[in-house]
Amino acid sequence: MKYFNSGRTPWVTASEVATVEICPYQLYLKESGKSVSKDSKKRARRGNNAHDEFNISHKSFKESALRRAIKLILFILWALFIGYSIWQVIK
Amino acid sequence: MNIPVIVIGITCIAASVFILLLWHLSKPGRTVYLDKGKHSKVFRSKKHKLAAKPDRLESDGIGRVIPHEFKSRSGRVSNRDITQVKVATIAVRENGFKVRKAKIEYGNGKVHEFDVPSTEALMDGELGHLVRLARSVKKGQEPEAKPASYKCRYCPYREACRFAV
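Protein chains in written order, with this note's numbering: chain Y, 1 to 91; chain C, 1 to 165.
Read the hints as simulated data drawn from the structure, not as lab findings. Mixed in with the good hints there might be a few duds.
[Unchecked claim] Once the Cα atoms are required to be at most 20 Å apart in a straight line, the calculated SDA-like pairs of lysine to any residue come out as:
1. Y:K30 - C:C152
2. Y:K71 - C:F18
3. C:K139 - Y:P10
4. C:K53 - Y:W11
5. C:K146 - Y:S32
6. Y:K71 - C:K27
7. C:K151 - Y:S37
8. C:K49 - Y:K71
9. Y:K34 - C:C152
10. Y:K30 - C:K27
11. Y:K30 - C:Q141
12. Y:K34 - C:E142
13. Y:K91 - C:R132
14. Y:K71 - C:L20
15. Y:K34 - C:K46
16. Y:K71 - C:I19
17. C:K53 - Y:G47
18. Y:K30 - C:L133
19. C:K41 - Y:N55
20. Y:K71 - C:A15
21. Y:K34 - C:K101
22. C:K36 - Y:D52
23. Y:K30 - C:P143
24. C:K46 - Y:W11
25. Y:K42 - C:I6
26. Y:K71 - C:T11
27. C:K101 - Y:H58
28. C:K103 - Y:D52
29. C:K46 - Y:T9
30. Y:K30 - C:E159
31. Y:K42 - C:F18
32. Y:K91 - C:I8
33. C:K53 - Y:S32
[Unchecked claim] A partial selection of chain Y residues facing chain C, derived with a Cβ cut-off under 8 Å:
34. Y28
35. L29
36. R46
37. G83
Here the structure is a predicted model, which means the values were calculated and not measured. Idealized CB from N, CA, C, for every residue including glycine.
For reference, chain Y alone in the conformation it holds in the complex (with noise of 0.2 Å):
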């Protein structure tokens, strides 16, 4: 309700515009401080647990990031012992 008659431009969100295209109405309820429903809180807790599993089933890159440092360095040495072995050849 902070943007409610200021002279200030108000941000938006991605979900406020999506909600705006369903029933502009409902963005005003919100803003104007209206408690949502019981059974919007409940499908409201259902979606986050699904995004939760979502979340699980998708690693972000900085998670995997000790695994791709463990892939690197084996990876080194191997090139190395290739390295060595073509130098051991040319001698």
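Keeping the supplied structure of chain Y fixed, place chain C upon it in accordance with the hints.
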């Protein structure tokens, strides 16, 4: 000090790092960003005053990312979901990412992938109108209600709304 050994060793290390990095960065499907909650980065478009947190950004393997939105419900693809992803795309682009495609995944496993037009095309079209409408509502302007049973049924503010059917 055996110079040839050192030179070969350094060359091998440099080559292996380069090859591995090239392979890894070009791998499509890699997760670039994941929305893990309130501490995750919010993508903002200062030019259009839009903010979004896509559920996931995925690398396409050729220098671009694909915004990936997850909807736990099963069902048809809705315009609302596409609109949400388009707004997120605008914010993601302004943070330095190139985006050409986006996808929405549903709880029943269905994935809808689509091309996203340029930001200018989006803001000049229907999306720009919706953004301005959302902005006017947030400034306190009471909008027109569009009640319909299929929409009001799942509206979280149904009990508080005098127009609900």
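Distance restraint between Y:K91 and C:I8, which requires alpha-carbon spacing of 20 Å or less: 13 Å, holds
Straight-line alpha-carbon gap Y:K71 to C:K27, limit 20 Å: 15 Å, holds
Satisfaction of hint between C:F18 and Y:K71, Cα-Cα up to 20 Å: 13 Å, holds
Holds or violated: Y:K30 to C:P143, with C-alpha atoms at most 20 Å apart: 13 Å, holds
Interface hint compliance - Y:R46 to chain C, C-beta minimum distance less than 8 Å: Cβ of Y:R46 sits 7 Å from chain C, so the hint holds.
Straight-line alpha-carbon gap Y:K30 to C:E159, limit 20 Å: Roughly 12 Å between the alpha carbons, so the hint for Y:K30 and C:E159 holds.
Pair hint outcome, C:K36 versus Y:D52 [Cα-Cα no greater than 20 Å]: 8 Å, holds
Restraint satisfaction for Y:Y28 [CB to CB of chain C, less than 8 Å]: 5 Å, holds
Restraint check for Y:K30 with C:K27, where alpha carbons must lie at most 20 Å apart: 42 Å, violated
Given hint C:T11 paired with Y:K71 - CA-CA distance at most 20 Å: Given pair Y:K71, C:T11 holds - Cα atoms ~18 Å apart, limit 20 Å.
Agreement of Y:K34 and C:E142 with the hint, judged by alpha carbon distance not exceeding 20 Å: Satisfied, since the Cα-Cα distance of roughly 14 Å is no more than 20 Å.
Proposed proximity, C:I6 with Y:K42 (alpha carbon, max 20 Å): This hinted pair is violated, its Cα atoms lying about 65 Å apart.
The structure does not agree with the numbered hints 8, 10, 13, 15, 21, 25, 31, 33 stated previously, though it agrees with the rest.
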